Amino acid sequence: MQQKNKNNSMTDILTNMNTNVSPVERFVSATAGGALLAYGLKRGGGLGTVFSLLGGSLAFRGTTGHCHVYEAMGVDTNQGGETAPRNFKSGKSKTYENGLLSGKVHVSKSLTIDKSPAELYSFWRNFENLPQFMEHLESVKTTGEKTSHWKAKAPLGQSVEWDAETTSDQENVRIGWRSLEGADIPNSGVVEFLPTANRGTEVKVTMTYEAPGGALGAMFAKLFGEEPSQQVYGDLYRFKSLMESGEVITVEGQTSGREPQAKKATA
Amino acid sequence: MKAVCWMGKHSVQVMDVPDPKILNDRDAIIKITRTAICGSDLHLYNGYIPSMMQGDILGHEFMGEVVETGKAVSNLKQGDKVVVPFTIACGNCFFCKNEMFSVCDNSNPKPEGQETAYGFAGSGLFGFSHLMGGFAGGQAEYARVPFADVGPIKVPDSIEDEKVLFLSDIFPTGFMAADNCNIKEGDTVAIWGAGPVGQFATKSAFMLGAEKVVVIDHYQDRLDFAQANNPNVETINFDDVEVHDKLKDLTGGRGPDSCIDAVGLESHGTSVDSLLDYAKAAVFLATDRPHALRQAIFCVRKGGTVSIPGAYGGFMDKFPIGAAFNKGLTFKMGQTHMQAYMPRLLAAVEEGKIDPSFVISHRLNLSEAPMAYDNFNTEKNQWRKVVLNPNG
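From first to last, the protein sequence lines stand for chains C and A. According to our numbering, the residues represented by the first sequence are 15 to 281, in order. According to our numbering, the residues represented by the second sequence are 2 to 393, in order.
Where hints are given, some of them may not hold.
Claimed, not checked - Calculated pairs, DSBU-like style, for lysine-lysine (alpha carbon to alpha carbon, straight line, at most 35 Å):
1. A:Lys3 - C:Lys278
2. A:Lys155 - C:Lys129
3. A:Lys98 - C:Lys129
Calculated from the structure, these hints are not laboratory results. Here the structure is a predicted model, which means the values were calculated and not measured.
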């Protein structure tokens, strides 16, 4: 689906350009691209320029329905088919499937915690503890023997909720879960507690979820520090600190010369 | 309260800021009675350490009186006199359990920065940039001390502040530098940099049994000061003498068994390589100027040890890996594992084996900090060590 047209006028280029981006994705691209463009222009500087260019190109693919990147990758999400992009990130802990917008995001992260599998398992197994270290979780309520209700913060001050069920529960070894029908962000995963000879426990989280906006959404999230594998890693790090030192170290709320009340001292 | 804030390169200001408060159960609030300016604060002052923010409270050498403790701190109580180590450590992780406190896993709330820059993150440090956790420092009237049940060491009320203040950094730092040399009978230790850490490394090397200690600098006053405090020390002024030749002369041609770089990333020097380093640092091609370190690697004997207490933050150019490799050298370095050394060094002070206050050159009030930074930066040989009194 190579664009061969060599017409000169911009109108010709736009009208003749083939559409290889699906309607929903075009809408997301146009909106997000416009926002990013505006943010980039407001921010200014080198990074601002990068954001503006990226935003501009997203807005372009949104309004025209043509994506140069997709073209180069041989992707067409406007066919309703199963065309998938080549897995150009293989070897990383995270891959995107089924097109850039509607895709699932896989995340896998490990961290060694200097506690026994039993101590870590029992804290995690009480799901109501999880908001203590999972930054985006607001609350988890146990609703049945295998079911629980989850509420999490979403970007832009929104929140998402879902019901989940425990799919596997092997004491001191692993806990698996999946979200039930109707979840805003369908997700499933497993946390494993792997003992080591004398270094504590390797805690490994593997999860998959349908990111809002797919890979494109995930890329956006990354720009604004909300990238899923970072979130999982951050949560694991806080879990480690909480388990090992009994608290999560912070500097939030400490004093500095940046406080509104701060002023140059008079001798 | 009043606090010394970093306002930009070559700019510090005393500001009125809100008092610190307990944020976590293992925190304590210390009313500071004495605090000092460290040579490494000059790295911040000169803009060599990235991730400083305007308004950051400086200072990582301080002591004082406990005024408040969090719920989980049971070993300290109001009124206790304590010295606070500059490295923050949880005491529970693998590294703390193995006495590697300065690479604690759980004390840096912003590990991403160091993970990106260094692969893994070290411990949090007071008043030393957001890369090191962004903790408010101790050049202030009060400070919040995290993991207060592990860090601060109680000292007797009867002992003068000035004798124990430097347990907060430079005495243990100089001592660990010497300890890392694994000194054996008959050893010669050469020390680059006769600043306060070099002075403590000198005393520590003798304490640990070195036969000969050679101090290298180009500030004659500092070399004279080392001589005055250590009757048996040898000194080399690198402006007058070729260092490698002189060290060979002093060791019967063998070279020193260990070399200590107590200079760090802002090394002075006038050789071609150091001039290139100035130029590259000025255009950010390299961030560190390692002339002293290169010379130490060149001068140390075969199979010897290079110990680095001087602070480095980024990248260096022309690291003499060929010399290091072919001579089979051992390198030991890092931020000081403070909590591992403080008890035994406090004991040494109490037993009268050392009085660390010998390094002090200026005693000022906190409000004089901007002037002190400026003078310390430009007149290092005269302004050897500044101690500030927040309540003076």
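Comparing the hints with the structure gives:
| no. | hint | result |
| --- | --- | --- |
| 1 | A:Lys3 - C:Lys278 | holds, 9 Å |
| 2 | A:Lys155 - C:Lys129 | holds, 29 Å |
| 3 | A:Lys98 - C:Lys129 | holds, 13 Å |
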